[in-house]
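Asker: Chain by chain, the residues:
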Amino acid sequence: MRYSVFSLLAQALQGHKGWTPAWRDPAPKPEYDVIIIGGGGHGLATAHYLASRHDITNVAVLEKGYLGSGNVGRNTTIIRSNYLLPGNTPFYELSMKLWEGLEEDLNYNAMVSQRGVINLYHSDAQRDAFARRGNAMRLAGVDAELLGREQIRAMLPYLDHDNARFPIHGGLLQRRGGSARHDAVAWGYARAADSRGVDMIQNCEVTGITVAGGRAVGVETSRGPIRAKKIAMAVAGNSSRVAAMVGLRLPIESHVLQAFVSEGLKPVIDTVVTFGAGHFYISQSDKGGLVFGGDIDGYNSYAQRGNLPVIEDVMESAMALWPGLGRVRMLRHWGGVMDMSMDGSPIIDFTPIDGLYLNSGWCYGGFKATPASGFCFAHLIATGQPHPVATAYRLDRFATGRLIDEKGAGAQPNLH
Amino acid sequence: MRINCPHCGARDAQEFTYLGAADPQRPDGLAATEAAMTDYVYMRDNPAGPHRELWYHGAGCHSWLIVTRDTRTHAIALVEPAKTRKAGAAA
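One line per chain: the protein sequences are A and B, in this order. Numbering (the numbering used here) for the first sequence: 1 to 416. Numbering (the numbering used here) for the second sequence: 1001 to 1091.
Chain A extracted, bound-state conformation (with noise of 0.2 Å):
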């Protein structure tokens, strides 16, 4: 079913009684074309883009809970493109331009909203560091602004804009960046590759890969067996435990990340700010709350929760930036599993297995990568060629030192 304007007026006359499922829910096959373990953001766009680009349907999603039950529905949502260093910024704008097409191409409202991404300078050496990543990003044909203490004042009146030890400067803007609805991502992705014929199984974990001769042939699930020419490895936060079913060790550590919502709000603030004198960011959802988040907790963990420390941190940061958020209360923290990888990007690569695909090391910036990682996934998987924009997310790139270290923290996941 198309949804449109239409289709709303129909089913309003007829009590909303006609809406049909907007995805099947098949038994899985005994062979595909391409299976792709992980039933999350990038697993999803990952099958759009195959359907829809290359033609290639016979594909199943294997996902060990429900769709977007991993860190697709666990991120603060934003999207952004704000990235320096050449190996990324032609990555993360594809993304951006794939998200500004995004609710055409896949028919479904997923709440795309370029309200702007403003990253906050405290000092001048901060800002010269801005200004030359504003550059650079401009360079890259990407948007960006440099914004001085006035206009920043004019902006976001409510900050603390002259605190003693963090007074700001002003900012750095990408006015196309913003956020999106993360739920309505992955269920955009589900309901148009499944269109296309693309099944989507669920409660289907992954407990084994079958390799004969060198080549990937098959996965074990806790459905049964099945058999694929393909298959795709999306799987990030466990992409180590996937990895691990062929010995396969990987260049990753899984780190908790937190994240926080207050409570509902009447709209205070329209855009989306990160804080540059500490780790922390802060936007609001259409439905009021306050979403924001900071740093990770910092040790290796999968528990999907964190501790106190951070918690305690984050709202430091809150208040230093921000003193009227005292006031607001909290009204949930989750924490999400990550991917950290030792140069702080992802992969996107073949692996030492024939036919065995790998996508992972989101660190925890998986979220406005969804289409531009699922589409140069899809570009691998097909034609066997890395996507030109992706050429340097190569397994291989930590041997060979050609590194993309955004921060230039080295080889410790925790500092990235």
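Calculated from the structure, these hints are not laboratory results. Model, not experiment: these values are computed from the prediction. Ideal placement from N, C-alpha and C gives every residue a C-beta, glycine not left out. Among the clues, some could well be false.
With beta-carbon atoms standing in for the labels, derived distance ranges [as the list claims (entries may be wrong)]:
no., chain 1, residue 1, chain 2, residue 2, range
1, A, 409, B, 1050, 26 to 34 Å
2, A, 223, B, 1045, 25 to 33 Å
3, A, 316, B, 1045, 31 to 39 Å
4, B, 1026, A, 203, 40 to 48 Å
Place chain B on chain A using the hints.
Answerer: Just chain B now, with coordinates in the frame of chain A:
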């Protein structure tokens, strides 16, 4: 999360700094192959379950500890001084 430091007793995890997996051993100097060095610097087992890891008690006794912690629950099974291992390795 609390870590039961063998020198200082049970202390809040905030007193400690996390380094990462305790078991990777640095290959021997200039004789090391590139592959062995890559493996040591970048590759990790990253298990879901018991994990031996290095923590530094910076706000306490300033000693490096090897903590065995379950990454699925954060429950700590064992804390031992890292220098015990070093002495053992030399012997």
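Asker: Evaluate each hint against the coordinates.
Answerer: How the hints compare with the structure:
Our hint of 26 to 34 Å for residue 409/A and residue 1050/B holds, since their Cβ atoms are close to 27 Å apart. At about 28 Å, the CB distance of residue 223/A to residue 1045/B agrees with the hint of 25 to 33 Å. The hint said 31 to 39 Å for the Cβ distance between residue 316/A and residue 1045/B, and at roughly 34 Å that hint holds. The supplied range of 40 to 48 Å is met by residue 1026/B and residue 203/A, whose beta-carbon atoms lie about 44 Å from each other.
Hint violations for this structure: none, all hints satisfied.
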